[in-house]
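**Student:** Okay, here's what each chain looks like letter by letter:
2 protein chains.
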Amino acid sequence: MPELRKDPIIGRWVIISSERGKRPSDFTDGGERKRKGGFCPFDIGNEHTTPPEILSYREDGTAPNTPGWNLRVVANKFPALQIEGDLNKQGEGVFDKMNGVGAHEVIIETPLHDATLSTMALKDVENVLWAYRDRIVDLKKDKRFQYVLIFKNEGEAAGASLEHSHSQLIALPIVPKRVREEIDGAKQYYDYKERCVFCDIIRQELNAGIRVVSENKDFVALEPFTPRFPFETWILPKKHDSCFEDARTHEFPSLAEILQTTLRRIDKVLNVPPYNYILHSSPFREPDNDYYHWHMEIMPKLTKVAGFEWGSGFYINPTAPEEAAKFLREAKI
Amino acid sequence: MPELRKDPIIGRWVIISSERGKRPSDFTDGGERKRKGGFCPFDIGNEHTTPPEILSYREDGTAPNTPGWNLRVVANKFPALQIEGDLNKQGEGVFDKMNGVGAHEVIIETPLHDATLSTMALKDVENVLWAYRDRIVDLKKDKRFQYVLIFKNEGEAAGASLEHSHSQLIALPIVPKRVREEIDGAKQYYDYKERCVFCDIIRQELNAGIRVVSENKDFVALEPFTPRFPFETWILPKKHDSCFEDARTHEFPSLAEILQTTLRRIDKVLNVPPYNYILHSSPFREPDNDYYHWHMEIMPKLTKVAGFEWGSGFYINPTAPEEAAKFLREAKI
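Those protein sequences? They're chains A and B, same order as listed. Okay, so the first sequence: first residue is 1 according to our numbering, each after it adds one. Okay, so the second sequence: first residue is 1001 according to our numbering, each after it adds one.
Quick caveat, the hints were computed from the structure, so don't treat them as lab data.
Calculated lysine-lysine pairs in the PhoX-like style (CA-CA distance at most 25 Å, straight line):
no., chain 1, residue 1, chain 2, residue 2
1, A, K239, A, K193
2, A, K177, B, K1193
3, A, K177, B, K1177
4, A, K238, A, K326
5, B, K1141, B, K1177
6, A, K177, B, K1187
7, A, K187, A, K140
8, B, K1187, A, K97
9, A, K177, B, K1304
10, B, K1238, B, K1217
11, A, K22, B, K1304
12, A, K304, B, K1177
13, B, K1177, A, K187
14, A, K193, B, K1177
15, A, K326, B, K1097
16, B, K1097, A, K193
17, A, K77, B, K1304
18, B, K1304, B, K1326
19, B, K1022, B, K1326
20, B, K1193, A, K89
21, B, K1187, B, K1238
22, A, K177, A, K143
23, A, K304, A, K22
24, A, K304, B, K1022
25, A, K304, B, K1304
26, A, K22, B, K1077
27, B, K1077, A, K304
28, B, K1022, A, K77
29, A, K22, B, K1097
30, B, K1097, A, K187
31, A, K97, B, K1022
32, B, K1326, A, K97
33, B, K1187, A, K187
34, A, K97, B, K1193
35, B, K1089, A, K193
Calculated from the model, a selection of chain A residues having no Cβ within reach of chain B, i.e. all distances over 12 Å:
no., residue
36, P52
37, K141
38, P287
Don't be surprised by glycine CBs; every beta carbon is placed ideally from N, CA and C.
All chains should be built: construct the whole structure from the sequences, respecting the hints.
**Tutor:** Structural data, given as C-alpha cells:
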C-alpha cells in the first residue's frame, strides 16, 4: 500500500509509492558528468572575461582579477535582478509590482575546471561555505534586501549552464514564498509546542536511525520523512541556530566534511547524478529566533517533474526515504 | 530593469527578466513531437492490454474493452494510489501519515495514435472534457475523497511516458497544498473585497487587452500577470463558477474550441512544444462558492526548473507575458 505522508513543517503531502519502489539502478539519468571542455570564463587566466571580483580568497600578493585565487565571487553576467535602483513599489489594478532590484552573484568554487565539491580538497569545500557566509554578512547591510538565497545547480540537467563548479547567490527585496511558508510553519509549531520543529525532528530521527545517513560532532545528514524527490537529503546543525551566517567557526570544517561525504555517497549510489542544493536560513528581519533552524537541502535530479506536481504542489516519490537512507549509509566511499 | 511581480491570488513573486527577454525562437527545446511507433496499449485492438474500462464513449452495440470506442477511461496500470482500503490516519512522533488510498485513472483521448488535442476533431476534444466531468461526478460520491486532480502531460519532456494522447486523473483523500493555497488566497480576497479575485482579473484583463490571447462567448484565454513559465496560459470561464463539473452544457463545445485553438497557437509559435495542463476546480467539500473560480492552466515546457525555483518557490521568467500574449494572439492558425 502506498503511503500519504504530511510534512510537519509546511504541511505538504507526499505520496511514497512503495509499489513503484525504485532502486538506485532504476534511475537511468545518471552517468559520469560530461566535461565538455572548450573556453571557460571560470578557468585560471580568464579572469578578465567575468565581471570584476566582489570577493576572492587568493595567494598573498596577487592582484584582484588575476590568477592566484582559490575562490572568486563575481556578479552574474546575465543577472536576473539589478543591483542599482529603488524598489518603487506600485499597484496596477489588482496587481502589485516593484523594480527587480537585487544582487545576483556567482561563487566560482575552485580554479580547477574538472573538480567538483565531491572531489576537491576539504579545505576548498570549507572555503565555499565561508564565501557564502561572507557574502550574506555583506549583503545584509543593504537595507533593501530581506533574504539571500544560496543555491547550487550541478550538471546540465539540474540547470547549470556552465560545467565549472560554481554556486549562485540571489539577494532579494522580498522573502520568497517557499521560505515564508517554512518560517510560518515552524513558528506555528513553536507557538503550540514551545519547541523548534527541526530540533524535534533531529531528536526523533537520531533516535530511530532509519532515515539517518550520517552524523558528525555538529551535523546530521538525513532523508526527510516526506521527501519530494528520491534521495532528497537534508543536512542540519544539531545545535539550534536560525541563521547560517551565525554558525560558529568550528562548524565550518564540520559542515564541509558532512557535505562532501554526503555528496560522495550520492555520487557513488546514483552514479554521479546532477543535483541541486539550497541553503535555508532565516530572513534578515527575523534573526536569531527560537523557531527556525537553518539547514541545507540536497536534491539529486533523477525524475521529471510533471503536471501532477505543478498542479497540486504535492509529489509522488517512488523511493521511500528509509530505503534511500540505507543505500546512502552503506555506500563505500 | 527586470520587474518583480506578485501574484494576487497566492502571493507568489515572479521575476520578469526583461534583460533576458527571450523570444519564441530562443527556446530550442521545441521540435515536432516524435512519434516512436512500436506497441501501444492505447491503440485500437489492444484494449485487453489495459485494465478494464471504467468509462467509454463508443459506437452503439460494441462491447466494453473491444474496438468501437472514441474515448476510454481505465485505471492506471501503475497507480500512485490504491482504490481499495481505509485511510487509517496515524501519527509517528512528529510525523503524520495515512494509507495511500485514491484513484489513479487514465483518459485515453482518441483511438488515433498520432492525434493530439491540437489536431483531433473538435467533437473529440469536447468528449475529453465530458469524460473529465463524468469521472469527477462519479468519484465525488466516494466520501473518502476530497479532491480530483486532472492533468495532462504532453510530450516526453513534460513527463508523458506513453506518446498516445491521454490525460490523467488522481482522486485524493486530501486537498493538495497548491490548491489549498489558491482557495485560501481567493477566499481572503473575497472576505476583503466581496468580489471573486478571478472575476476581477478577467474584467481588468479584458479591459486592458495586452495579456489576452483570445476569447469566445464563454471563455477567455490569457497570459497571467505573474506567469511562472514563458507562455504559461490560463483559460477561464467568463461567468463565475467554482466547480468545473457544474459547467453548463453549452460551455463544453465553447471550452473545447478555445482549448484547441490555444494549443494550436502554442504549437505554431513554439514549434509543437511539450506541455502540461491542469484543471483547477473547487474541492468537493466547498462546492458552489462565490470566492473560487475554476480554470485551466497550460504550461509549455520550455525551460529547466533549477535550484533557485525549488528553493524559493518563486520563479525567473525570461519572457514577459505581454510579449507572449502578442505572439500567441498573432499566430496564424
